[in-house]
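Chain order of the listed sequences is W and D.
Every letter in the first sequence is one number past the one before it in numbering that gives the first Met the number 0, and letter 9, counting from 1, is 8.
Every letter in the second sequence is one number past the one before it in numbering that gives the first Met the number 0, and letter 821, counting from 1, is 820.
Among these hints, one or two may not hold up.
Straight-line Cα separation of at most 30 angstroms, DSBU-like style, residue types lysine-lysine; simulated pairs [said to hold, decoys possible]:
{"id": "1", "chain 1": "W", "residue 1": "K285", "chain 2": "D", "residue 2": "K2"}
{"id": "2", "chain 1": "D", "residue 1": "K7", "chain 2": "W", "residue 2": "K298"}
{"id": "3", "chain 1": "D", "residue 1": "K559", "chain 2": "W", "residue 2": "K285"}
{"id": "4", "chain 1": "D", "residue 1": "K335", "chain 2": "W", "residue 2": "K285"}
{"id": "5", "chain 1": "D", "residue 1": "K340", "chain 2": "D", "residue 2": "K8"}
{"id": "6", "chain 1": "D", "residue 1": "K123", "chain 2": "D", "residue 2": "K442"}
{"id": "7", "chain 1": "D", "residue 1": "K75", "chain 2": "W", "residue 2": "K266"}
{"id": "8", "chain 1": "D", "residue 1": "K2", "chain 2": "D", "residue 2": "K442"}
{"id": "9", "chain 1": "W", "residue 1": "K266", "chain 2": "D", "residue 2": "K335"}
{"id": "10", "chain 1": "W", "residue 1": "K298", "chain 2": "W", "residue 2": "K237"}
{"id": "11", "chain 1": "D", "residue 1": "K7", "chain 2": "D", "residue 2": "K34"}
{"id": "12", "chain 1": "D", "residue 1": "K34", "chain 2": "D", "residue 2": "K335"}
{"id": "13", "chain 1": "D", "residue 1": "K648", "chain 2": "W", "residue 2": "K285"}
{"id": "14", "chain 1": "W", "residue 1": "K285", "chain 2": "D", "residue 2": "K75"}
{"id": "15", "chain 1": "D", "residue 1": "K340", "chain 2": "D", "residue 2": "K7"}
{"id": "16", "chain 1": "W", "residue 1": "K285", "chain 2": "D", "residue 2": "K442"}
{"id": "17", "chain 1": "D", "residue 1": "K8", "chain 2": "D", "residue 2": "K34"}
{"id": "18", "chain 1": "W", "residue 1": "K266", "chain 2": "W", "residue 2": "K46"}
{"id": "19", "chain 1": "D", "residue 1": "K340", "chain 2": "W", "residue 2": "K298"}
{"id": "20", "chain 1": "D", "residue 1": "K34", "chain 2": "D", "residue 2": "K141"}
{"id": "21", "chain 1": "D", "residue 1": "K129", "chain 2": "D", "residue 2": "K34"}
{"id": "22", "chain 1": "D", "residue 1": "K559", "chain 2": "D", "residue 2": "K442"}
What the hints contain is simulated information worked out from the structure, not anything from laboratory work.
For clarity, every value in this text was computed on a predicted model and none was experimentally measured.
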Amino acid sequence: MPGFLLLEDGTLFQGLLVGPSGPAVAEVVFTTNMTGYQEVFTDPSFKGQIVVMTATMIGNYGINEADPESVGPQVAGIVVRELSSTYSNWRATGDLPSYLARHGIPALTEVDTRALTRHLRTVGVMRGVIGAGEEVTDAARAALEACPSMEGLDLATVVSTREPYTWGSADAATHIVALDFGIKRNILRLFEAHGCRITVMPSDTPADRILALEPDGVFLSNGPGDPAAIPYAPPTIKALAAQGVPIFGICLGHQLLGLTFGGETFKLPFGHRGGNQPVRELATGKILITSQNHGFAVKGNEQEITGAPDLQPTYINCNDGSVEGLRHRSLPIFAVQYHPEAAPGPHDARPHFPEFLAAVRARAGRR
Amino acid sequence: MPKRTDLKKILVIGSGPIVIGQAAEFDYSGTQATKALREEGYEVVLVNSNPATIMTDPEFADRTYIEPVTPDIVEKIIARERPDAVLPTMGGQTALNVAMALHERGVLERLGAQLIGANARAIKVAEDRKLFGEAMERIGLKCPQGRIATSWSEAQAIADFTGYPAIIRPAFTLGGSGGGIAYTADEYERIVTRGLAESPISQVLIERSLLGWKEYELEVMRDSADNVVIVCSIENLDPMGVHTGDSITVAPAMTLTDREYQVMRDAAVAIIREIGVEAGGCNIQFAVNPADGELIVIEMNPRVSRSSALASKATGFPIAKFGAKLAVGYRLDEIKNDITKTTPASFEPVLDYVVVKVPRFAFEKFPQADPGLTTQMKSVGESMAIGRTFKEAFQKGLRALETGRPGWTVGTTPADDRLADDTLETLRAAIGRPTPERIYQVKRAMLAGISLAEIHQRTGIDPWFLAQLHELVDAERAYAALPAPGAGDLRRMKRLGFSDRQLAALRGEAEDAVRERRWALGVRPSYKMVDTCAGEFPSSTPYLYGNYDAESEAPRTGRKSVIILGSGPNRIGQGVEFDYCCVRAVLALRERGYEAIMINSNPETVSTDYDTSDKLYFEPLTLEDVLEVVHRERPLGVVVQLGGQTPLKLTRGLEAAGVPILGTSPDAIDVAEDRERFEAIARELGIAQPPNGLARSQAEAAAIAARIGYPVLVRPSYVLGGRAMEIVHDARALEDYFARAVVVSEDRPVLVDRFLSDATEVDVDAVADGTDVVIGGIMQHIEEAGVHSGDSACVLPPWSLGEAELAAIRGHTVALARALGVRGLMNVQFAVKDGTVYVLEVNPRASRTIPFVSKAIGVPLASIAARVMVGETLAAMGVTHEVVPPYASVKEAVFPFNKFREFDPVLGPEMRSTGEVMGIDRTVPLAYLKAQQAASNPLPTGGTVLFKLSNRDKEPAVPVARRFAELGFTLAATRNTAAALRAHGLAVQGVLKVGEGHPDSVEVMQRGEIAFLVNTPLGGAAQRDDRSMRQVAVQQRIPYVTTVAAAAAAAEAIAGTRTEEVGVMSVQEWHARLAGR
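Chain D extracted, bound-state conformation (with noise of 0.2 angstroms):
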């Protein structure tokens, strides 16, 4: 069947913010599909919120809306776009359930847009527990023995029946969010009243436990004249218990013998035509009860998905596209294999390589959090790896993680393991628990000689990822028993995937000077394709990956080449922004004639998408791996600075190695980075610094505080996403932070600051071509500087910033971007303090706000910068002036509480959110009003707001209270925080705190009786209280706001909805109205 004529116009649904369980894959998807659909003729029109993505970039689509992914605004984009056809299969859970609400309210039926990729009725048996469960006993397939629950009453009763532990599971919930595995009756009583709680649909499948059995994914399509094929197997090395984006996966499945494999591929067939997905993809999760065999199916999900984007990556096969072909009509058979060119996608990819994935966690964030890995998701990126072997693959995967390890290493410290101590006794305990640090403890047990089928009895790992384990453990003994290793030793050390660090490690020797000799015996690795045949058809599309098997097929094109370095696995304070950096630096460059060549290991992002650069080389981002690839490619430069800190670090032994950097000159990003040689520069150029000083011991520390003054900002040098970085208000907490946070020496030295309390602080992303720069934008932060800038709401242009302080700020910056040489993208950092701007840090490279600042002011600034590091002028380019936009634009951060339930909610110097949106509209209230309701924090319109302040925000709070109660609020407060309101003559409701009597501020919320909370962090011993109450909003889904200044946007965007509808518009509209357009 050829593609349907009857659709003209198509909204594709985007899958909003990054959170935990739905990132960066679902920019790659839905990127893709809108492509795919352009490809074809059709007009696309796309909501999404999050700025950081490229699919929101204007000319991946004819109309793009960058609002909140709500049924209300989405409602009105259909109401104003009129599509034929709803895409919501590429925007994850998100748009799933906004197109559900939508059919559900009987919009699309009314405004006469149909569901395309999947209908209702499958999202809806796939998702509903009970229909669910039903559909698999129709075609003789087993679901875990559960039962579902709609309350806790119901859920007391099937305690019973499955005994613990017993598997929680919400429905219609992202990532498993609020779900967990209860050992006991208080922890089952916990997270089943979570779960409710959280399921729009309040309900829970509660599942016998299947702890221990073998977990496999298959990803399947099926197009409308219902030809099936299975596009990849996947086995997760973790087994049941831990979620699959939280396990350690191996494509293809490796354990399965054919017959059994065919089983699974049956079931899957016979599922997906069950379910109905009619034109689409799905993804579904089995168990095997490693004891005889016995298959269970967990779950399927109609729609992309993390799984779609890896077994894309793994396979070459893009699931999203072809998905987007085939919702529109077309047959497996009608579309060609996108990698051979020749013969049709209407089949299954075979690989002659392993694929490994590893997760990426946050735990160092978040240290009260629990780092056990259950049923629901916690990691926030991933690696993913191509190996010729498991081995191999394995070993890549953990080094691309970029956590320091060179890959299967373990910690010099028991606790670099999260082990308390290091016994075996420890050990053995620990093992049984999976943590992101059990595969590390796995490798000290085996090399305790505990026995494989011990730690297979602990682990549950399958006997046979332990043996391949153990492999590796033998040939690092061997190797480092060797008198002198030759070329053939090292060889194959190399095919099993060790890397130079590794090697150097295992003989005490220096990682230069392993690789030294391992080229000087010319031990070097070749490259080959991922082709989705395994050589069985001819190839065209150079998507590599390195190995040390004979043969290279990387193909020498003779043409001026570029690499470009990734920002590897997606981790808080490195995620989407960067990938969308380096993809539009991509793109540039391929449009400007050059070979564009990027190096990533992060399987959920567009740059890794094959189609995306010239030649993709699909490897880890360490030294070792780079100098490979540039030695194998001799590129004209490598750009560095457009993947955030992980291409950053490499940039010294690149220069090093002689590897000529484009862009601002690595001595220029040193300068930035070093405390000393950049304050000479700021005192050059007559640019006030906060007081401040470099510490190379704790006493050194101490003595700059006490000179500077309390309080101070601490934090290691060369940090990204202000990793351990704090504010300290005395030397007491001085000693406790040394004691607790960070390692200071000589190499490793700590920055203090003094903080400026209650100063405004502003970003500003520049570019310059070395002599002219040109403003992209500056953005002034609603919560004041302390805040850390990834975590704080800010607004482009700048609402209440003086004339003056803005040409200070304009001047400082060209005279920064001048006296460092700046080719390339630069961001600065300022404080504004009673008229005077301080520069905080100025860095050289792309910032995370760089695609928030192109889509304000319509222009690509990575582009721009990427042109300029090839050589262009800004002048040339006609960039010459900075754009400040005639409408609001807001970007606002989004947190992973929920996800971290034991974890305090409040914002600090130390970056927590994984994602952040975009508002606009013609007023700051306005736009920001649409950012809180896009992050999930919709504004109330009415009702009761309870506020519990700090001493220090009692008064600064005052009218920003009396404001709620101009605008109808009932305001209530906490016992102090009430006295202060109502000695400015406000009328207050008292509440008691916790341990006042009941009801307590935690039951009035948790009763539902609160609409808005604002609480600032006391700090201290009141401590507790409060975070209670900031962990229930979390719960409750209250929205709340933890500063002042955020309390205050908060009502004026409130007002602002008073005088005026909410309304939608897309970006190319926004951007019609620029001056000049």
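Chain W on its own, in the form it takes in the complex (with noise of 0.2 angstroms):
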């Protein structure tokens, strides 16, 4: 079936609709990571955008049960160049196109991904509908201006778990509560891996109800939309530190670690998504190649995070400069940008775990 992508600013992509005929609206944001499609359709901080690949080849090894990032597509529609409806691998148990129609996520396929990829990187991302037909129709426009801006937009709370749950065997010995904004699995699987029992609660939960759970470590984590825009957070995560308790925020925790101390969020032109970015460590001048997913950043440099004295920038991004990590001046606190846990991408930053672990470890060991 014919169908097409219409942007904000009125560009248009012709190509193959797959799956539900939509319209579907979001923001369109393209990711560079070759592999882990999977993963990247799975990852809750792609809540509410429409993501291109610009990895021409996608769905080659199906779909598995063990890689996916939470319980089911959070993106809105994809945009690739090619769909392949067979695949080959010993862990697959079924093909991506079919995966993603039985999740309702439509797939327009056969379009000219690098053009669109130039033009996002050109005008920056913006917002766009998926819509069936050759020519653009009537219900799409009115869906696409419908659609809200990212920009002051609280998704994290939508994709936030409603209840508490537990990850990680009970005796295991170091406690850790995540606060949900979206989280990955794979955090909780390297949570796991290293000996703690993880309590994932609701993004909103109040502070006094975290450290009734007697944590040894917070963590906040990843998730979409605007850090900005959850203003809960900010209180809670102060009073958690004036209590001295460590804590570890990526992506989007660190985001909100950055607002709480002073800081400010501000939105990249068309944002870090992929597999391969550089980071370089302030410290060392270590490089290490991380996976990253975000459309904000928090507002620094080298030398300081704005507004934020009590922050000191700890990482930073080779390609433009941006702030890619901070740790607190005085506190057991730090956060990074990028995404330690990978899924998708190298692990090279998965060493920040055990170095937070430490941190807690010798905190409960103190007490």
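Got two chains here, separate frames each, mind docking them using the hints?
Here it is as structure tokens:
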């Protein structure tokens, strides 16, 4: 079935529509990950976004049960150059087109995804609508106009778990409470692998309830949307920090920590999404190749986190100099903008988990 | 860390001649490395014996030694130059082996030169199978379950453990040379024995076969601060069991989930750290069990490689260039991404396209050789294609091979696809055994309705790839059934990579008609950039590939531009020397202010370095693909005369389409190729030709031969590299030739020439501007006429031609160039016999000797020619006189006989060499000696010379044998040869022929009793005995020659070393001796 993607600036991309006929409206972003489409589509941080895959061959290894980063696809739609209906992999349990269709995700295929990516890179990310047909329909146009801007949008509360749940062995020695703004499962898998039990709490859980759980450390998860649109988070984090609880944040969690201590966040022109982003550790000069997926960032540079004298930058993006990591100058609090849990992406930053847990266990030992 | 300031002078070791497994990619990497090091202000000394390389042009290094890449010679260079460091990672296995030898001899330490790029320990651990296995165990990775044998008895015990099939890999050999897969005990013994003989440390690894596992490669770089990046992942379409150089490969990996890919990435990072490559790159091969994902490390090369060249071209990340910078201390994040120019090199390239590499083979040159593909590499070249999807890139890659197939298309007969007949049983059996044609057999199987599951089961090719290929079959059927294809249908097929020729064939149309309709419907390709970052950052480097997506990114500069057509995949007869010419032209045109646009499909080359030209179109060199680029670029014209036969073949089509051809007119090219028109010109100019005729039928050929007299030289017209060219001695042999070798018809005539026995062959390269003609060089061949000029050793300037003969050669060359109106390069082949100079052939285009001559005379002929083509005159450039050097330059050919053991290693009119070397010295004997050394045929200083000669060679060989005796060699010969030599009073030991008793000639060679073999081919019945002697020589690495002329040259060369020590000197110093410098 012919289909299209119409962007809010009027640019039209044509292709073939596979799956539901929509219209699906959302912010259109691109990711340069060459592997890991299933992880991308199921990453809650992609909630409310149409994802353009710059890699052209998508679906080759099918889908499996072990790799999803949440219960199901989170994206509003996908745009690809070629969607493979056949697949081959010993772990595969099905094909990607059926999986997307089953979850109601439209896929626009046969698109000049490079032209689209170049457009987004040049003009900046914007909203778009995927629709069926060779011509743009009024319904699609109306849907596009009704679509809210990502700025000011609290999507984290939407994707957060409503009920607390636990992950990992009940008798693990270390207890982490994770605030779920859209947490990826691989974060939970890695905490578990490092001997933790995790209690995952709704994003708006107040500090006293968290403290009542007697966490050894608190984790602030990744998630979608604008960090500035989650006004309840900073006070909670501040209260936890006041108790000296070790805190580790990833992605949205990193941004919320920045906001908590006086920093500002802003929207990047087209975000960082992919598995090849180099970051430099300021203390050592060491380069990590990281997995990233964010549209907002904490304002600052190599010297400072703007407006937050208590925080210091720890990692910087080698491509554009944006802040990729920060730590509190006196408290056991640190965060990274990128995804040390990878999935998809390289594992260079995985040591951040034991680093955090060392701080957690040091404090637990003192108590 | 910024660059090291303690180093001032660096020696870069090149890879020597092109051989199977070590080809043009090392010119690419070496050129990049020398450029990068000089950019950083280092003084660069280079050694490489291969003149057909850009890197050995004098301006690319401060001192360039065109000398044998052997430990002894490199030691002399180090002693003379005293470099602070030696970079051994750019010259393949040859350079690593030489560096290791010098390290072990203590030379490097003694002379204060340190290895950079990879240290001795890393090289040793990576190469030594045992140490490597232990290293992998330390980091928790698995290697193939293999054991090391250093003797046949050890190997016997291992066979019990591995079972069959078993894989045998000799340590420290190129391209898996001497290795193989043994399916039976007999094969096991043969391959193990061979492997032990080939390995310089007599060590083989014997592994349980992982046949059918998936094979992957990662290209990895690490800097001195321990930052590691993966440049590229490559997945082989052919499963384990086929050497990666012989596999169709795809980048990026297609069928790995992120989880599996990251496990492989983690392993690669751990490996480069454990092996200890401190600052440089490596290539790691993995096998993955398709059933459960088990990961096995196959091997690691701590240097740049064929795969790294491919990865560089596939990603835009220049591994060799960055490798050189890392070697002198830079960190990855201190180097700028070459393409974006804004982001650092400390990142991992991402691809928004698919790259497919396809190997090109030369089995047509070695009919007796086994075409089975195993762990020993057999391909001689490769094409690379870029498409938006796998299917598009795959089809482009196949048509870029230039084997006559317009894409993934089955042959017209089963034999074309290496099938005995067209039965399903034959097909089923065939696809289970990898050969160059298997990919076409797979298509036949699909067309015949064999299920994908069965094809997978028989071939081991991943089901995903098979499904992709089957989509092409489906698309063909649908297209063929359309009532009238519209724009949408055409676009859909073009997006699947189908060429116009394929589309035409599917509907019984003409290619031109399809193209015209396509153009009328506005279905044209667009061109996208390879930018390392999938469009995330702006890029200013126009490295482009064609596709049928919407947006084109090829920048329009409005500058006056010239398109240079490259030479496509390397093959025997058309190799790196033509790439050299193209690159010289690009550089010259850029310098003159033209926008130089390169089109080529060969990933190994310097010409496809996006750094070389102003714009690079990585496209197949077919008429369709070239016309589309021309349409996009609207150049002043196209240069067709520098890339060998590939662009030349396109000339008529381009001209017909109204594309301006720069330089010599297409009509003049046609005159030279057209036997009858050329003969008329030669007659008019009064230049002798051997009696000849053009036959359009077999009967006509027989009549011509009878008229002009046997022996005759027969060959199809329009061939390069002497394809199917033979010397035929009588009418019966002529019949046999037609039965076996060629098809003759009205439009495929066969040339029949009187063969001039015992004539001296001479090659001349010249450059002309339409008015003036300047001779570049006159080369006298060592082997007599009848040996293909590409396979013959030759000497510049000639050493034994008379003044009158030379004057005739010069006069004829000038007259021919004027008569043809040559604008650019021209090569003429002459034969001189009894004082008469005959013209054999004229080619108004670059010859394969252009780089050799340019180096010998210190004049870049291809650059001059390019400037002529855009209208400059020779006079204005100051190119007015032939340069006759006061020293000798010898070119020697290098052969792949060690890879094709079943093949008799003799020379003939069909070209079989893969590469060449150059020796320069004061005298011909010394230059010849160096050339032999460089060609891995080092002449002995003493011992026994074994003669076995054909009857007609016995008399001429007497003075040669006497010379060897005078030099203190013991003479030995088989019965009849011995008798002939003794008749002239020479003392000769008799040696038994095979079958006459023991020890026979083969056995004495195997025992190491023979230092030098002179064995001229007998032809006919005695051939077999002969052949095994030459094969043993190849196997045992006994220096040998197959012509009396070469034996004579060898004797004189050995004599030369008795009076003078062999020294080393840079080309810059040689050139300083040229008159007028």
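Tested hints:
no.	hint	in the structure
1	W:K285 <-> D:K2	17 angstroms, holds
2	D:K7 <-> W:K298	44 angstroms, violated
3	D:K559 <-> W:K285	46 angstroms, violated
4	D:K335 <-> W:K285	17 angstroms, holds
5	D:K340 <-> D:K8	28 angstroms, holds
6	D:K123 <-> D:K442	44 angstroms, violated
7	D:K75 <-> W:K266	63 angstroms, violated
8	D:K2 <-> D:K442	53 angstroms, violated
9	W:K266 <-> D:K335	26 angstroms, holds
10	W:K298 <-> W:K237	19 angstroms, holds
11	D:K7 <-> D:K34	15 angstroms, holds
12	D:K34 <-> D:K335	16 angstroms, holds
13	D:K648 <-> W:K285	53 angstroms, violated
14	W:K285 <-> D:K75	41 angstroms, violated
15	D:K340 <-> D:K7	27 angstroms, holds
16	W:K285 <-> D:K442	50 angstroms, violated
17	D:K8 <-> D:K34	14 angstroms, holds
18	W:K266 <-> W:K46	16 angstroms, holds
19	D:K340 <-> W:K298	25 angstroms, holds
20	D:K34 <-> D:K141	39 angstroms, violated
21	D:K129 <-> D:K34	37 angstroms, violated
22	D:K559 <-> D:K442	45 angstroms, violated
Hint compliance for this structure: hints 2, 3, 6, 7, 8, 13, 14, 16, 20, 21, 22 are broken, all remaining hints hold.
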